[in-house]
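Student: Protein sequence lines, in the order shown, are assigned to chains U and L. Letter by letter, the first sequence follows residues 1 to 302 in my numbering. Letter by letter, the second sequence follows residues 1 to 302 in my numbering.
To be clear, the hints were calculated from the coordinates, so they are not data collected in a lab. It cannot be assumed that every hint is accurate.
Treat identical chains as interchangeable: a pair holds within one or across any two.
[Claimed, not checked] Calculated lysine to aspartate or glutamate pairs in the EDC-like style (CA-CA distance at most 16 Å, straight line):
#1 Lys276 to Asp202
#2 Lys276 to Glu126
#3 Lys39 to Asp56
Keep in mind the model is a prediction, meaning the values are calculated, not measured.
Protein chains: 2
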Amino acid sequence: MSFSRVAIIGLGLLGGSIGLAVREHLAGVETTGHDVDPKVRERARQRGLVDTVVDDAADAVRDADLVILCVPVGAMASAAEAIAPGLSADAVVSDVGSSKLSVARALAAALPGATLIPAHPVAGTEESGPDAGFATLFHHRWCILTPPEDAPRDKVAALKKFWQALGSTVEVMDAEHHDLVLAVTSHIPHLIAYTIVGTASDLEDVTRSEVIKYSAGGFRDFTRIAASDPVMWRDVFLNNREAVLEMMDRFLTDLGMMREAIRAGDGELMFDQFSKTRAIRRRIVEQGQDDARPDFGRHDHE
Amino acid sequence: MSFSRVAIIGLGLLGGSIGLAVREHLAGVETTGHDVDPKVRERARQRGLVDTVVDDAADAVRDADLVILCVPVGAMASAAEAIAPGLSADAVVSDVGSSKLSVARALAAALPGATLIPAHPVAGTEESGPDAGFATLFHHRWCILTPPEDAPRDKVAALKKFWQALGSTVEVMDAEHHDLVLAVTSHIPHLIAYTIVGTASDLEDVTRSEVIKYSAGGFRDFTRIAASDPVMWRDVFLNNREAVLEMMDRFLTDLGMMREAIRAGDGELMFDQFSKTRAIRRRIVEQGQDDARPDFGRHDHE
Numbered sequence: 001m002s003f004s005r006v007a008i009i010g011l012g013l014l015g016g017s018i019g020l021a022v023r024e025h026l027a028g029v030e031t032t033g034h035d036v037d038p039k040v041r042e043r044a045r046q047r048g049l050v051d052t053v054v055d056d057a058a059d060a061v062r063d064a065d066l067v068i069l070c071v072p073v074g075a076m077a078s079a080a081e082a083i084a085p086g087l088s089a090d091a092v093v094s095d096v097g098s099s100k101l102s103v104a105r106a107l108a109a110a111l112p113g114a115t116l117i118p119a120h121p122v123a124g125t126e127e128s129g130p131d132a133g134f135a136t137l138f139h140h141r142w143c144i145l146t147p148p149e150d151a152p153r154d155k156v157a158a159l160k161k162f163w164q165a166l167g168s169t170v171e172v173m174d175a176e177h178h179d180l181v182l183a184v185t186s187h188i189p190h191l192i193a194y195t196i197v198g199t200a201s202d203l204e205d206v207t208r209s210e211v212i213k214y215s216a217g218g219f220r221d222f223t224r225i226a227a228s229d230p231v232m233w234r235d236v237f238l239n240n241r242e243a244v245l246e247m248m249d250r251f252l253t254d255l256g257m258m259r260e261a262i263r264a265g266d267g268e269l270m271f272d273q274f275s276k277t278r279a280i281r282r283r284i285v286e287q288g289q290d291d292a293r294p295d296f297g298r299h300d301h302e
Numbered sequence: 001m002s003f004s005r006v007a008i009i010g011l012g013l014l015g016g017s018i019g020l021a022v023r024e025h026l027a028g029v030e031t032t033g034h035d036v037d038p039k040v041r042e043r044a045r046q047r048g049l050v051d052t053v054v055d056d057a058a059d060a061v062r063d064a065d066l067v068i069l070c071v072p073v074g075a076m077a078s079a080a081e082a083i084a085p086g087l088s089a090d091a092v093v094s095d096v097g098s099s100k101l102s103v104a105r106a107l108a109a110a111l112p113g114a115t116l117i118p119a120h121p122v123a124g125t126e127e128s129g130p131d132a133g134f135a136t137l138f139h140h141r142w143c144i145l146t147p148p149e150d151a152p153r154d155k156v157a158a159l160k161k162f163w164q165a166l167g168s169t170v171e172v173m174d175a176e177h178h179d180l181v182l183a184v185t186s187h188i189p190h191l192i193a194y195t196i197v198g199t200a201s202d203l204e205d206v207t208r209s210e211v212i213k214y215s216a217g218g219f220r221d222f223t224r225i226a227a228s229d230p231v232m233w234r235d236v237f238l239n240n241r242e243a244v245l246e247m248m249d250r251f252l253t254d255l256g257m258m259r260e261a262i263r264a265g266d267g268e269l270m271f272d273q274f275s276k277t278r279a280i281r282r283r284i285v286e287q288g289q290d291d292a293r294p295d296f297g298r299h300d301h302e
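This is chain U alone, in the form it adopts within the complex (with noise of 0.2 Å):
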């Protein structure tokens, strides 16, 4: 089986690049959109992210076999909510958000009997909003399933056959590993940069404005992952709390030792570990997961 009507919630920049990507690379499908937000809708119409948009939830998903809440996950249970009314009885609903455990539970309490089968694509920009999609947004990216044990083998199938028409490669994995893994590789990550970038903006004896002239040594690197949507990301945190927490505290282990390392001046135990995290951005580069060019490529811009 494969879908052919994809009704999409929520058409920012995850919703709206998966318009564009099925448009792009599923000739045939067609394919429905909807968002809260009427100035939102409007745009989508303008830059046509998906075929048809409509102004109600439930209409929207009315004759979908497939069906993605692309919302932050703080907003998954009333999306799911509004569907409801329209959903049909062999859809299968799934989602796009960054931490898996609650929005399971979240879209098993509002959606009782619907197929479920929750998705990440590990996949984003800065940018928020319906401007901010693109077609290509998955390509070479990874995609994260989270399927129920008792989930219809075929309809997994279909939406990994989905996400690989799109360009992604397709794990499957159980929610809770994959709240400790995105907790380490993107959650804790978002966190950090966040906070050093509120740390640095506060500064007296530093002014905002040597900051940023001197941001090129590094600091700009965390700006780009601070500039992301403000309500995605507190809902991660409120919704991926337990794992955050306990990567954490590893963060802060490790950051103790290096803090101490420095106190002490033991330049050899910080040559060590300087040393070791030159491997994985190779491998990181080599996968295919990050741009081979020195400084993202930046200079050859400039």
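With chain U's structure known, arrange chain L on it following the hints.
Tutor: Only chain L this time, still in chain U's reference frame:
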């Protein structure tokens, strides 16, 4: 006055880039260069990083009116000692070190009576060595001079002109303030990146392969910074200890506050914090200190 013969000691990313940039931007200015590593000297000759690669440090500076030490800050003292026998009485000695108080002290001790004007071009990539340099590294970047109070004005002006010719905007400040500013815009970001990449690669419940696969969620950006030269960065932390520890403690206080907000489920505090940080990003992009394209333009290559 302006410089007509520039000697570069250390032919890695920074030294090599200065050599190439002088050739591109300062016609008629001769360059000599030296590196303690014979393999680096050989590669520097092949790439033509400077007009003449010299095997002995003192010989390399013999007729130079500007000498720039481009070695890790922990190697400044020995580099200064090595050039001392060949140094002209009226030469200006400068450097590119990332910490300035400790370098000023090391140079003053090794070169009594010499004209010292420490400098720090805030530019770089994660690459290092004689193959890493390129002529445009300093374009649109800031270069900070930290001249001692008794530095001859005409020579400070000449060094300023030199860096402007290479494409930089020059700022003058005292060494102590420099070290505090760079602690927050460069040193702490690097320390955090090295630490979180270390934390992530040593986990038991999340494999290294998973960390690499799903790094596009934010982690990959940190690995770029954590791929920087380990010797250079060890030396930075050994030589800017006070300012780094001070800034780290402020960061740790803020991170503790975020930790508590997550523990307590305080979404309002998170939203407020995460909303403030977008403005800084916007100003960094407006002021030409980073790429305006989403995701550093990485998607343009995917």
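Student: Tell me the hint numbers this structure goes against, listed in increasing order.
Tutor: none
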